Amino acid sequence: IAGITQAPTSQILAAGRRMTLRCTQDMRHNAMYWYRQDLGLGLRLIHYSNTAGTTGKGEVPDGYSVSRANTDDFPLTLASAVPSQTSVYFCASSDSAGANHEQFFGPGTRLTVL
Amino acid sequence: GQNIDQPTEMTATEGAIVQINCTYQTSGFNGLFWYQQHAGEAPTFLSYNVLDGLEEKGRFSSFLSRSKGYSYLLLKELQMKDSASYLCAVRDGDYKLSFGAGTTVTVRA
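Going line by line, the protein sequences match chains A and B. Numbering-wise, my numbering puts 100 at position 100 of the first sequence, and it's gapless, one number per residue. Numbering-wise, my numbering puts 185 at position 71 of the second sequence, and it's gapless, one number per residue.
These are calculated hints, taken from the structure and not from any lab test. Just so you know, these numbers come straight off a predicted model, no measurement behind them. The reader is advised that the hints may include incorrect statements.
[Said to hold, decoys possible] Below, in silico cross-link-like pairs of lysine to aspartate or glutamate (EDC-like), each with a Cα-Cα straight-line distance of 16 Å or less:
1) A:Lys57 to B:Asp206
2) B:Lys195 to B:Glu155
3) B:Lys182 to B:Asp166
4) A:Lys57 to B:Asp208
[Said to hold, decoys possible] Below, a sample of chain A positions facing chain B; criterion: calculated Cβ distance under 8 Å:
5) Pro8
6) Gly108
7) Thr112
By construction, the Cβ of each residue, glycine as well, lies at the ideal position given by its N, Cα and C atoms.
Required output: the full structure, derived from the provided sequences and hints.
Pasting the structure below:
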């Protein structure tokens, strides 16, 4: 079934540890995005990639890094996790050749940093 | 950047109509989206407006006025399964989305 997968589903992490959240899509979408969702704040863009090999910073990029080595994968890395990074993380993708360029979201990763 | 406002919560009765308003101030506009998000799940696409006017899709309709920086999502014939958060999002010229905080709609029997 076509779509976006994220791993892990949830994770509890000690502060200071390094963590990579995985995102894979099989729709051959050129653009991919990482958001965090916090109560009362809505979805905020962390990083994005308009095409393989390029990345850009969103609204809240500090403490996060991404890479886009190929079309399908867009991992998000927390180099040294802090409690304020406790959140639900959503990966999304879109096809800029499509009519609406709507974004399709993965199921999310619930991350708790203690 | 974008400043997007929508009400926090709304409650309505099954079978009724609810209108969720969204106002935005933007440094660049390239379309407005509405997403539905059930608790614990991912957002799913509902509607897209880039020109002024009303877009109708079954029980859901979305309206846009670019000059007023205003949109609304209209949910008709409410069903219990419509209880969810509804997210207004504005797309900029670089195809990035900025989201409002979301409106939680509760449908009562």
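A quick look at each hint next to the structure:
1. A:Lys57 to B:Asp206: This hinted pair holds, its Cα atoms lying about 14 Å apart.
2. B:Lys195 to B:Glu155: Holds, at about 13 Å.
3. B:Lys182 to B:Asp166: Holds, at about 10 Å.
4. A:Lys57 to B:Asp208: holds, 12 Å
5. Pro8: It is violated, given that the least Cβ distance between Pro8 (chain A) and chain B is near 15 Å, above 8 Å.
6. Gly108: Holds: closest Cβ of chain B sits about 6 Å from Gly108 (chain A), inside 8 Å.
7. Thr112: violated, 15 Å
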